[in-house]
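Chain B: place on chain A using the hints.
Read off the chains here:
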Amino acid sequence: GEDVEQSLFLSVREGDSSVINCTYTDSSSTYLYWYKQEPGAGLQLLTYIFSNMDMKQDQRLTVLLNKKDKHLSLRIADTQTGDSAIYFCAESALRLIFGTGTRLQVFP
Amino acid sequence: SAVISQKPSRDICQRGTSLTIQCQVDSQVTMMFWYRQQPGQSLTLIATANQGSEATYESGFVIDKFPISRPNLTFSTLTVSNMSPEDSSIYLCSVEEGRVQGYEQYFGPGTRLTVT
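Protein chains in written order, with the working numbering: chain A, 1 to 108; chain B, 109 to 224.
Only chain B is shown next, with the shape it has when bound in the complex:
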């Protein structure tokens, strides 16, 4: 399975600032995803990032707030812009790999963000 790393693993940021989270995969993948997990909650998909095209955002998430880059098949970044305490969450990068028996989606370790 794909090995996914994220940087930073955690950060404490002041409101009004921006943070860029990096996601690196050890193999080339077509589909990459960014999720948010608010404290004590389940995962919510922010956007799908495919190389060579603009990211597709889910309802409730906009590009101005969460710009995404996908410069190649192994790397993506998510920026959380103009942060407020409500943005305090774990942000997870995920990739999809196709197998004979189905599609498998793997997750990075997450970036724990606290906004003060």
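Isolated chain A, as found in the complex:
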């Protein structure tokens, strides 16, 4: 069945790069998404990538997709304390399937 896995925690120093990883199982996924959830808030769509692409860059965000290995990553350059949140990856074939979420903690 469909399954999306992420590591639970990531801790980085302010100014460093963060890399959040995600693996998925559904090879028919057409789009893969990254969402951000701050405490007590809803989900904010950060970026997404079409499955026939292998990279997408959007300001400080870089998405890498390895379709062969079904691996997706989100790199945040120059990580700031405001980036502290839970990050969810999601795959979409017929509907969105969310990963378990990675809690990013940024310390000064």
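It is possible that some hints are incorrect.
Claimed, not checked - Not the full set, but computed from the structure, chain B residues with beta-carbon under 7 Å of chain A:
1. Leu153
2. Gly210
3. Gln213
4. Phe215
5. Pro217
Unchecked claim - If you anchor each label on the Cβ, the simulated ranges turn out as follows:
6. B/Ser167 <-> A/Thr100: 11 to 21 Å
7. A/Met53 <-> B/Thr128: 37 to 47 Å
8. B/Asn180 <-> A/Phe9: 35 to 45 Å
9. B/Thr128 <-> A/Arg95: 16 to 26 Å
10. A/Phe50 <-> B/Thr138: 19 to 29 Å
11. A/Thr81 <-> B/Ser109: 19 to 29 Å
12. A/Leu61 <-> B/Ser117: 23 to 33 Å
13. A/Arg13 <-> B/Thr187: 41 to 51 Å
14. A/Leu61 <-> B/Pro217: 21 to 31 Å
These are calculated hints, taken from the structure and not from any lab test.
These numbers come from a predicted model, not from an experiment.
All residues carry an ideal CB built from backbone N, CA and C; glycine is no exception.
Frame of chain A, contents of chain B only:
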């Protein structure tokens, strides 16, 4: 992007009662979705609500427990019926918008429900 509002933002309810959550979108959308996020967990799709047809429920969710209305292209309601403490969750409304570069799905702020 679509702006989505939900009411109420939070509620504390007694077991056995029902709560109806409203979702309002500032533009007409075809696809609306309802998700549940249990404490410390990821999001699980409850159902897809399309205007003019019955909602489509995911495995593990039934209409008697989570009746949904979709009277028009900007509004939907989700009712959590006969609540138990296990229903304590955040309930999120979501809409899908098509773009040239792909499909974008946006979420409301959520309704935080506590059942005592």
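Verification of the hints:
1. Proximity of B/Leu153 to chain A holds as hinted, the smallest CB-CB distance being about 6 Å (cut-off 7 Å).
2. At about 5 Å, the closest approach between the beta carbon of B/Gly210 and any beta carbon in chain A falls short of 7 Å, and the interface hint on this residue holds.
3. Interface restraint check: B/Gln213 against chain A, minimum CB-CB distance 6 Å, threshold 7 Å, status holds.
4. Interface restraint check for B/Phe215: the shortest CB-CB distance to chain A comes to about 4 Å, inside 7 Å, so the restraint holds.
5. Below 7 Å, beta-carbon pairs count as interface contacts, and B/Pro217 has one with chain A at about 4 Å; its hint therefore holds.
6. Evaluation of the 11 to 21 Å hint for B/Ser167 and A/Thr100 yields a pass: the beta carbon distance comes to about 19 Å.
7. In this structure the supplied range 37 to 47 Å holds for A/Met53 paired with B/Thr128, their Cβ-Cβ distance being about 41 Å.
8. Between B/Asn180 and A/Phe9, the C-beta spacing of about 43 Å keeps the proposed range 35 to 45 Å intact.
9. A hinted range of 16 to 26 Å for the beta carbons of B/Thr128 and A/Arg95 is consistent with their spacing of about 24 Å.
10. For the hinted restraint 19 to 29 Å between A/Phe50 and B/Thr138, the CB-CB distance of approximately 21 Å keeps it satisfied.
11. Taken as a hint, the range 19 to 29 Å holds for the pair A/Thr81 and B/Ser109, whose Cβ atoms sit roughly 25 Å apart.
12. For the hinted restraint 23 to 33 Å between A/Leu61 and B/Ser117, the CB-CB distance of approximately 29 Å keeps it satisfied.
13. Checking the proposed 41 to 51 Å range against A/Arg13 and B/Thr187 shows it holds: the Cβ atoms sit about 46 Å from each other.
14. In this structure the hint that A/Leu61 and B/Pro217 lie 21 to 31 Å apart at CB holds, the actual value being about 23 Å.
Checked against the numbered hints given earlier, the structure satisfies every one of them.
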